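Asks: One letter stands for each residue in the lines below.
4 protein chains.
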Amino acid sequence: MSETSAAWAAVEAQYLRDRAARSLGIELLSVSSGTVQIAMRVRPDMLNGHGTCHGGIVFTLADTAFGYACNSRGTAMVAAGASIEFLAASSPGERLIATATETSRGERHGIYDVTIRDEAGEVRAHFRGRCARFRPAAPPSTHQGST
Amino acid sequence: MSETSAAWAAVEAQYLRDRAARSLGIELLSVSSGTVQIAMRVRPDMLNGHGTCHGGIVFTLADTAFGYACNSRGTAMVAAGASIEFLAASSPGERLIATATETSRGERHGIYDVTIRDEAGEVRAHFRGRCARFRPAAPPSTHQGST
Amino acid sequence: MSETSAAWAAVEAQYLRDRAARSLGIELLSVSSGTVQIAMRVRPDMLNGHGTCHGGIVFTLADTAFGYACNSRGTAMVAAGASIEFLAASSPGERLIATATETSRGERHGIYDVTIRDEAGEVRAHFRGRCARFRPAAPPSTHQGST
Amino acid sequence: MSETSAAWAAVEAQYLRDRAARSLGIELLSVSSGTVQIAMRVRPDMLNGHGTCHGGIVFTLADTAFGYACNSRGTAMVAAGASIEFLAASSPGERLIATATETSRGERHGIYDVTIRDEAGEVRAHFRGRCARFRPAAPPSTHQGST
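Going line by line, the protein sequences match chains P, G, E and C.
Just so we're aligned: the first sequence equals residues 9 to 155 in the numbering used here.
Just so we're aligned: the second sequence equals residues 9 to 155 in the numbering used here.
Just so we're aligned: the third sequence equals residues 9 to 155 in the numbering used here.
Just so we're aligned: the fourth sequence equals residues 9 to 155 in the numbering used here.
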């Protein structure tokens, strides 16, 4: 199996188990090692109080592309954190395309950048995600949030 | 009307128009000027490929609390960007509580911090959002994304 | 030795080895477990092309407070990343005060928030830093930056 | 004057006024519209308590490249915020090279990505900065930091 076929197989398996992504109507467009492109159409139940696509749903699209890209090499990684910049709002009916690329990848950590565009190519948001090698869950007492 | 009643009225009106938040089952718990608490129960259709709550949905809960808090003073603000740190995963059936507080607020900009906890108070995620005064949309040619 | 005395001793030892902090004239004001306050006066050689304190120097002050706070518990931690929001510029001669507090702390990771204020208490910047348990250096081939 | 000559002239003028950058020994390598490359050698007075280059100084190098890139088009912009991921530490004597590229640019806002590498091309840090159109200073009462 070529590296690209292996990447597609790894991402497709993850996508098939990803109920959140599928319930948002996200579709896989292309996959290669470290790079993933997915799409989502803005539905009425995705709108916020301003009548545009909820920023959280835009983030979810980007986060999904990021999650697939960081697992496309076959090693299980989990998201540690992310940031997003919103450039322009999206309207109901629009189809958004998220493209994730690999900015850095080591044994234990990776950084992926995702750009969200509309079908005409206009940028709607820039996202940067950080992932870390998956480890078995630590006991609940591990984190002591003080705020 | 007291400041707190006005804040509640402003946020409740926004919540009633917020189809995305209501379709995720988000409920308003408390509101005062600059501070909002909301909750959401993790449903099966919110799970990612690892069987835990999709990071995008956790972000959406935090982003919703942020959006309500930055509009609780009556001036229309929009999200400009945000970052999130994921500390621990959330399981189906768990009820997550998001608390947004005001870290900075000026005429044109604000910074709000949101903590996501489970019902026992364990922290699941920390979020920081930046908002800006709402302005009428700029023409589509305004942004020239080069990436 | 009390927890606070131990924290002060740990931070003071780090400060004495921190040539960058001392060459910027940073002074230690107070230390307790997870919380550190330091100060710095804006010098002419810290100004950017706009005649105000260089954002990198403001960040360095915040990053120093963060670094001390995350090492105040005695376990060696290193900075993994950080973000900063600049609210207002600082002029030559002003004395800036950075206060770091612990937002989250686990065995392997921590999140610290730092606020930079002038002597009158006006906020100049908000900083959030993430640290990770120190590990022996990985071989140089570990990271494969693709950008 | 070509666009590249104009960019060089704008950045060089800013660099000549930038006392902080020059006191750190930062040198201009190349400039074109939206893209800037600068370098800095790690000096003993830039080291932190671990004996490696202080993260704040690495940030300052990236922030300087960002500041020059966002002003290379002739319109005055100021940094609004930034984030950085530290991948590997830098030792005294090493020469670090920062390359800033334009990820998004509009009338009022821009996003620039900066990569810090050593001379062999190994990535040490990834930085993302956000800038906004310069406006005359608001009165000090504008920001009401509540933290």
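The hints are simulated quantities; they were obtained by calculation from the structure and are not laboratory data.
Predicted model, so just to flag it, every value in this text is computed and none were measured.
One should not assume that every hint holds.
As the list claims (entries may be wrong) - Residues from chain C that face chain E, not an exhaustive set, calculated with beta carbons under 8 Å:
hint, residue
1, Ala28
2, Ser31
3, Leu37
4, Ser41
5, Gly64
Heads up, the beta-carbon is just placed ideally off N, CA and C, and yes, glycines get one too.
Asks: Each hint: holds or not?
Replies: Going through the hints against the structure:
1. Ala28: Holds. Min distance 4 Å.
2. Ser31: 4 Å, holds
3. Leu37: Since chain E brings no Cβ nearer than about 18 Å to Leu37(C), farther than 8 Å, the hint is violated.
4. Ser41: 18 Å, violated
5. Gly64: Because about 3 Å separates Gly64(C) from the closest Cβ in chain E, which is inside the 8 Å limit, the hint holds.
Of the numbered hints stated above, those contradicted by the structure are hints 3 and 4, listed in ascending order.
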